[in-house]
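Asks: Below are the chains, spelled out letter by letter.
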Amino acid sequence: MDRLNVKKDYPLADKRRSLILTPTGKKLDEINMEQVLEGNVKIDDCRISDRTLEYQAQIAESAGNRQMAANLRRAAELTAFSDERVLEIYGALRPFRSTKEELLKIAEELEAKGAVLNAAFVRQASEVYQKRKKLKGDK
Amino acid sequence: MKRSKRFEKLDRRPINQDSYIAEWPEAGLTAMGSPYDPLPGIRIEDGRIVEMDGKVYEEFDSLELFIAEHGINAEAAEYAMSLKPEEIAKSIIDINVKREDVIRITTAITPAKMLQVVRCLNAVEMMMGQMKMRVRKTPANQAIVTNIKDNPALLAADAAEAALRGFSEIETTCAVSRYAPLNALSILVGGQTCRGGVLTQCSMEESLEVRMGMLGLTSYAETVSLYGTEQAMDDGGDTIWSKAFLASVYASRGMKMRFTSGTGAEVLLGHSNKKSMLYLEILCVYLARACGAQGVQNGSISCIGITTAVPEGFLAIAAENLVVSLLDMEVASGNDQTFSHSDMRRTAKLLMQMMPGTDFITSGYSATPNFDDLFAGSNTDCDDYDDYYMIQRDMQIDGGIEPILEQDAIAVRNKAAKACQAVFRGLGLPPITNKEVEAATYAYSNEEMPPRNMANDLVAAQEFFNKGVNAIDIVKALYQGGFTRVGDNVLEMLKERVCGDYLQVAAIFDKNFKTKSGLNDANDYQGPGTGYRLQGERWEKLKKKTTALVPATILEKQGIPDKKKGFHNLAEERNAEAGEADIVVGISPAFANRATAEEIYNNHSRILEKILEGVEEAGMSAAVVKIYHTDDLAEIAKLSAGFSKTGIGIGIQSRGMVRINHADHTAEDSLEVSFNMPFSRFSLFKEIGINAVEYARGSKPLRVSDKVKPGGLTSYQITMIKLSSDETAFINRRKKPARMSLKK
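In the order they appear, the protein sequences are chains G and P. Going letter by letter, the first sequence gives residues 1 to 139 in the working numbering. Going letter by letter, the second sequence gives residues 1 to 744 in the working numbering.
It should be emphasised that the hints constitute simulated quantities derived from the structure, not laboratory data. It is possible that some hints are incorrect.
What the hints assert, rightly or not - Below 25 Å or equal to it, Euclidean Cα-Cα: the simulated BS3-like pairs (lysine-lysine) are: (1) K511/P with K495/P; (2) K511/P with K8/G; (3) K105/G with K136/G; (4) K7/G with K435/P.
What the hints assert, rightly or not - What follows is a set of in silico ranges between Cβ atoms, one per label pair, in the way DEER data are often shown: (5) P528/P with K27/G: 27 to 33 Å; (6) G482/P with G91/G: 52 to 58 Å; (7) V56/P with G91/G: 29 to 35 Å; (8) E30/G with P369/P: 41 to 47 Å; (9) P311/P with K136/G: 48 to 54 Å.
Claimed, not checked - These stretches of chain G come out as covered by chain P in the derived footprint (C-beta under 8 Å, 3 or more residues): (10) 1 to 13; (11) 21 to 31; (12) 52 to 64; (13) 87 to 94; (14) 104 to 115.
All residues carry an ideal CB built from backbone N, CA and C; glycine is no exception.
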């Protein structure tokens with residue numbers, strides 16, 4: 001498929017509705033009141049998928065915002081992680097919370113689940129934290 | 001020193017209750033620039049920035065490194081940095097340069113260069129720049145909905161009213177933090193009751209905010225702080241990597257997110273490193289861009305007391321807002337904290353964002369009285385609504401909200417409180433009573449709300465999380481409670497999260513859930529006739545003022561003068577002759593016409609009585625002459641003078657203007673003229689009579705003057721417009737001046 005473009009594909013909900021699937025594989029129109037009342041729609045059906053985040057990243061990129069595209073691609077990778085785990089990783093990245101080894105372990109964990117951008121991101125943090133004294137025990 | 005009364009009075013003015021500080025660069029107390037700010041520079045090797053603003057890569061602290069690595073478009077940087085700051089500044093306000101061409105340059109310069117660029121702009125240029133550079137074409141506004149009792153029915157009602165007034169985003173927080181899920185739920189239901197598509201957030205500590213977002217209780221986050229120095233970031237308990245990660249976490253859960261920063265924060269934390277407030281804030285905005293955030297809430301925010309205490313404070317705030325736009329992000333431009341005792345000063349501050357328009361003109365207009373605003377009070381609160389609307393009407397600008405009718409507000413507040421009641425019932429939360437619904441419907445503030453059992457609420461709020469109650473349960477509860485439309489709207493909000501269109505820059509929803517962002521509603525301002533224009537249906541809404549007089553009311557109030565109806569309390573005797581009395585009072589053609597409204601001819605009658613009373617009390621005789629052939633006041637006064645024994649004549653027009661002339665002087669050369677004499681103070685007309693006698697005796701009295709109350713002139717002018725124009729229609733060119741007698 002061609003990369004999406006802001007001019008022809010945005011907003012996705014109007015212009016590329018068929019592309020949008022929930023992480024549970026549901027189409028957008030399958031999320032409706034009837035299905036909710038029958039108990040067939042759960043809150044997990046109302047999440048954004050990694051695919052959709054990649055589409056939005058392509059749109060941001062075509063609009064000249066590579067930083068946002070990078071953020072959305074990191075976000076796409078994080079959809080594979082539980083709410084609890086992403087919050088734990090966030091906590092570990094806060095200053096003076098982790099050793100370099102702990103951060104590198106997180107990077108490995110991320111990489112193992114395909115989150116290569118986030119892994120590189122955490123590795124870069126571990127380097128900088130060491131240099132700028134933001135690791136556990138530095139304070 | 002013996003005090004000057006005038007200075008003493010000035011000292012007591014509200015403006016002098018504000019605090020001020022002289023500039024002090026060593027303490028970081030300068031707004032727009034410090035001698036310690038770095039000078040711009042860049043060196044790029046193999047496409048990477050290896051030197052920036054006077055530091056080489058190895059010397060970068062973590063923030064500078066993050067900006068160098070992620071925040072600047074390096075491939076265009078060498079060219080962009082070669083341009084003079086004035087050249088870039090000119091392109092920002094040059095209507096012949098497209099916004100996107102400016103963005104290509106401004107996203108490729110360094111923070112120190114950005115500082116130099118915005119420092120070239122004066123206040124008006126700053127606003128011009130903001131008008132052209134903001135991302136979204138259509139301006140919008142954000143409301144704060146909180147109350148110190150955390151009462152859910154009141155939160156829902158206030159959110160519904162805020163949505164009705166047109167706010168695109170609503171934020172809340174809690175008096176007691178464990179209330180968070182209930183407050184988030186209440187404004188979600190309230191907001192969606194009025195119209196679909198209002199974005200809501202509940203500002204709490206990060207992990208709680210993320211959790212609420214994940215449950216679908218909120219749709220955006222805003223209070224994710226950034227600071228411009230490492231030490232200040234440490235104090236905030238974050239690094240830029242943890243913040244950037246958090247930005248990705250929000251996006252991964254389909255939540256809109258913007259960072260918050262602002263001038264003055266680093267000074268307040270004692271970590272300014274002698275840099276100017278604006279320079280440090282520019283670093284924050286670069287950090288937000290480097291994180292890939294869609295937007296920033298800035299404009300000093302909670303530190304506004306510091307920035308506005310030093311010279312150029314407002315200018316620095318306008319500049320920091322502009323920098324967000326120059327880095328192609330959504331700007332939610334502050335005005336959300338009260339900072340001044342002076343209404344004039346707080347309005348001046350507001351206008352710098354309201355006139356050009358920003359993506360969110362206020363990032364928190366308190367939809368409640370400020371004492372219920374748990375974000376410490378906003379620059380504008382619910383008492384200011386009509387002031388705000390009038391500024392929109394007066395200046396023909398769109399401040400993002402619209403006037404509403406009282407009955408509509410009551411209806412939507414009631415519905416929202418009931419919907420919230422239904423959801424509480426459906427979810428097994430402590431009940432919202434009918435008494436609470438009724439109170440919330442008509443409430444001004446928390447003070448009208450009956451107390452709730454807080455212990456029960458807090459237990460329920462805890463269980464809320466334990467049971468994993470989420471927005472799908474809310475949708476069901478709404479549906480089962482009979483609020484199908486509201487339920488549909490909440491469900492639609494969840495579907496929008498699946499699409500992610502509102503993750504893009506500056507996205508809001510209209511009432512039909514159409515995404516409006518910087519991508520599909522791009523600001524295309526390029527001078528007059530382009531960009532956002534307040535017109536059509538929107539302008540019709542914004543110019544509405546329920547108390548404005550309409551033509552029918554004016555006619556009803558003033559009546560239509562009719563020549564056949566004759567005059568009130570006056571009878572025509574004969575043609576006027578010379579020497580009618582010591583002083584002659586000449587009245588204009590329509591004066592005291594019986595067909596005008598009773599109030600008017602009664603006023604005319606009293607005016608005349610008062611003038612005559614004044615003349616007689618001062619010891620002279622007076623007569624009244626009707627002038628038919630002209631409504632020119634100078635001529636009326638001069639003609640009257642000609643009919644008097646002393647040579648002094650007084651002319652009066654229907655709209656109350658009075659003039660004293662001497663027969664020997666030309667018509668243009670008056671002794672005294674009173675403009676815009678309101679009808680309210682009849683004693684003034686007596687003074688006119690007295691003065692006329694004084695002139696007749698050859699003395700020079702002080703002229704009669706009226707102190708016009710604020711607004712008095714306007715109401716007088718409005719009621720007189722019709723009468724003034726009808727005076728002309730009343731002229732009878734062939735009819736001679738007539739001596740009139742007063743009926744008793």
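Asks: Next step is simple, just say for each hint if it's right about the structure.
Replies: Here is what the structure says about each hint:
1. Taking the CA atoms of K511/P and K495/P, the gap is near 15 Å; set against the 25 Å cutoff, the hint holds.
2. Among the hinted pairs, K511/P with K8/G is consistent with the structure: their alpha-carbon atoms are about 23 Å apart, no more than 25 Å.
3. With a CA separation close to 15 Å, the supplied pair K105/G and K136/G stays within the 25 Å bound.
4. At most 25 Å may separate the alpha-carbon atoms for a hinted pair to count; K7/G and K435/P exceed this at roughly 52 Å.
5. Checked against the given bound of 27 to 33 Å, the beta carbons of P528/P and K27/G, roughly 47 Å apart, lie outside it.
6. The hinted window of 52 to 58 Å between G482/P and G91/G is violated, with their beta carbons roughly 43 Å apart.
7. Checked against the given bound of 29 to 35 Å, the beta carbons of V56/P and G91/G, roughly 33 Å apart, stay inside it.
8. A hinted range of 41 to 47 Å for the beta carbons of E30/G and P369/P is consistent with their spacing of about 45 Å.
9. Under the hint 48 to 54 Å, the C-beta atoms of P311/P and K136/G, about 44 Å apart, miss the expected range.
10. Coverage of the region 1 to 13 of chain G by chain P holds. Counting CB-CB distances below 8 Å, 5 residues qualify, and the rule asks for three or more.
11. For a cut-off of 8 Å, the count of residues in the region 21 to 31 of chain G with a CB near a CB of chain P stands at 3, and the three-residue condition holds.
12. Residue count for the region 52 to 64 of chain G with a Cβ under 8 Å from a Cβ of chain P: 8. That meets the three needed, and the coverage hint holds.
13. Using a Cβ-Cβ cut-off of 8 Å, 6 residues of the region 87 to 94 of chain G lie near chain P, which meets the minimum of three, so the contact claim holds.
14. For the region 104 to 115 of chain G, the stated coverage by chain P is not satisfied: 0 residues place a CB nearer than 8 Å to a CB of that chain, which falls below the threshold of 3.
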